[in-house]
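2 protein chains.
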Amino acid sequence: MSKPEFQRARSPEAKQMREAAILDAARALGAEHGIRQVTLTDIAARAGMHKSALLRYFETREEIFLRLTAAGWQEWTPALAARLGAITEPGPASVARAFAETLAERGMFCDLLAQAPLNLERNVSLDAVRDFKLATLAARECVFTALEEQLPRLGRDDALDLIATAVALAGAFWQIATPGPEVAALYRSDPRLAHAVIEVEPRLTRILTATITGMTPEPA
Amino acid sequence: MSKPEFQRARSPEAKQMREAAILDAARALGAEHGIRQVTLTDIAARAGMHKSALLRYFETREEIFLRLTAAGWQEWTPALAARLGAITEPGPASVARAFAETLAERGMFCDLLAQAPLNLERNVSLDAVRDFKLATLAARECVFTALEEQLPRLGRDDALDLIATAVALAGAFWQIATPGPEVAALYRSDPRLAHAVIEVEPRLTRILTATITGMTPEPA
Numbered sequence: 029m030s031k032p033e034f035q036r037a038r039s040p041e042a043k044q045m046r047e048a049a050i051l052d053a054a055r056a057l058g059a060e061h062g063i064r065q066v067t068l069t070d071i072a073a074r075a076g077m078h079k080s081a082l083l084r085y086f087e088t089r090e091e092i093f094l095r096l097t098a099a100g101w102q103e104w105t106p107a108l109a110a111r112l113g114a115i116t117e118p119g120p121a122s123v124a125r126a127f128a129e130t131l132a133e134r135g136m137f138c139d140l141l142a143q144a145p146l147n148l149e150r151n152v153s154l155d156a157v158r159d160f161k162l163a164t165l166a167a168r169e170c171v172f173t174a175l176e177e178q179l180p181r182l183g184r185d186d187a188l189d190l191i192a193t194a195v196a197l198a199g200a201f202w203q204i205a206t207p208g209p210e211v212a213a214l215y216r217s218d219p220r221l222a223h224a225v226i227e228v229e230p231r232l233t234r235i236l237t238a239t240i241t242g243m244t245p246e247p248a
Numbered sequence: 029m030s031k032p033e034f035q036r037a038r039s040p041e042a043k044q045m046r047e048a049a050i051l052d053a054a055r056a057l058g059a060e061h062g063i064r065q066v067t068l069t070d071i072a073a074r075a076g077m078h079k080s081a082l083l084r085y086f087e088t089r090e091e092i093f094l095r096l097t098a099a100g101w102q103e104w105t106p107a108l109a110a111r112l113g114a115i116t117e118p119g120p121a122s123v124a125r126a127f128a129e130t131l132a133e134r135g136m137f138c139d140l141l142a143q144a145p146l147n148l149e150r151n152v153s154l155d156a157v158r159d160f161k162l163a164t165l166a167a168r169e170c171v172f173t174a175l176e177e178q179l180p181r182l183g184r185d186d187a188l189d190l191i192a193t194a195v196a197l198a199g200a201f202w203q204i205a206t207p208g209p210e211v212a213a214l215y216r217s218d219p220r221l222a223h224a225v226i227e228v229e230p231r232l233t234r235i236l237t238a239t240i241t242g243m244t245p246e247p248a
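If you read the sequences in order, they're chains C and W.
Residue numbers for the first sequence follow the numbering used here, so the first one is 29 and each next one is one higher.
Residue numbers for the second sequence follow the numbering used here, so the first one is 29 and each next one is one higher.
Possibly wrong hints are sitting among the right ones.
Heads up, the list lumps identical chains together, so a pair's fine if it works in one copy or across two of them.
With a straight-line Cα cutoff of 25 Å, these simulated SDA-like cross-link-like pairs (lysine to any residue) come out [as the list claims (entries may be wrong)]:
no.: 1; residue 1: Lys161; residue 2: Ser217
no.: 2; residue 1: Lys161; residue 2: Arg64
no.: 3; residue 1: Lys161; residue 2: Leu221
no.: 4; residue 1: Lys161; residue 2: Pro207
no.: 5; residue 1: Lys161; residue 2: Asn147
no.: 6; residue 1: Lys79; residue 2: Pro40
no.: 7; residue 1: Lys79; residue 2: Ile226
no.: 8; residue 1: Lys161; residue 2: Glu210
no.: 9; residue 1: Lys43; residue 2: Lys161
no.: 10; residue 1: Lys161; residue 2: Pro230
Quick caveat, the hints were computed from the structure, so don't treat them as lab data.
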């Protein structure tokens, strides 16, 4: 934080705009190439600034992608709550499908969900981790509310486990379902590897249907 | 592969011993520090050889850890099958506990399970990926057999989904449960972050119990 004063004397609005531009650049690159390929230098180039200038806004590439992960939670959870609210045939299968569809539609978010605990939370400040955890905690509230309406017999602890299961599986399955191009070709060419080719949405729907069914046994 | 002939003219036994020594060194370092911290240079130093010598046996650090992941599957699955075979009170909860206990006892394997699709499968040769996939596929067979005996109503597709769910959740939850020391201290210090502290085994037992219950409905 030893930058000369004239560089820091921006208006809060100008600072927010630069941050938003950096996040937009990282989002576009992540969607094009996958998170793992994107460097801080790439993001600075896409945002049209020098890397040294970018470092005044974010400390590491991990901080940028952790911010995008939090933004992903804030965008996904209301969409999921709306999908849950629109269910016409209540029950475990419909709820599972709402989770699976809304997650499978958000490939970069699935990528980020898997990367966050492994890679992103490990190279940022404690403040950044705290902000991230509190943001994702708050984002869950609208899902709890929607689940209470759809599945009145699902307790709060089960709802927490269900969300954790859905995001962990979506992250892991997305990684397995999107290997590099050479490995994808290998999977298609060798019938013994047919099991390695998975589709995120149907598998997630099947598993979450079973999990929710087991969490909400019919009253005896 | 332009090494001089005299270096490659080892007996197959000598080559296997060097490979085993390298894998042992990587396993010890991974258990001490977590996979993500361990470099090829660290492994060479622990195995008592130069990095250039190590590169005659393995192409990348990822290839070494992918081999350890396959070895982890080959060690875990018979242990799980034995635990399943020893169940005295059959049912979803006992089967779930066998999965959760045997996975939670194997921290480095959980770490590897999460790292494999994200990081390890992406920096190795196609042959290495093929060998890895075929090894983990074969390792599952003894679990299928044990599951058939414990849960006769669980179909093969559900058994495949169950194994995939257990390893994906174990990998993801292990990462969340073992943050760096500073982040762990933050979690303990801020009551708003209590939800961020999770225990792998009880959570995995709860979720898998529900999933298996939903996969094996009582006949009407």
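Here's how the hints hold up against the structure:
1. Lys161 - Ser217: Cα proximity of Lys161 and Ser217: across copies only (14 Å, versus 42 Å in one copy).
2. Lys161 - Arg64: both (22 Å within a copy, 22 Å between copies)
3. Lys161 - Leu221: Classified as between; 7 Å across copies, 38 Å inside a copy.
4. Lys161 - Pro207: between (29 Å within a copy, 13 Å between copies)
5. Lys161 - Asn147: both (15 Å within a copy, 24 Å between copies)
6. Lys79 - Pro40: within (21 Å within a copy, 50 Å between copies)
7. Lys79 - Ile226: Result: close neither inside a copy nor across copies, 38 Å intra and 37 Å inter.
8. Lys161 - Glu210: between (36 Å within a copy, 15 Å between copies)
9. Lys43 - Lys161: within (23 Å within a copy, 48 Å between copies)
10. Lys161 - Pro230: Classified as between: cross-chain Cα gap 22 Å, same-chain 29 Å, threshold 25 Å.
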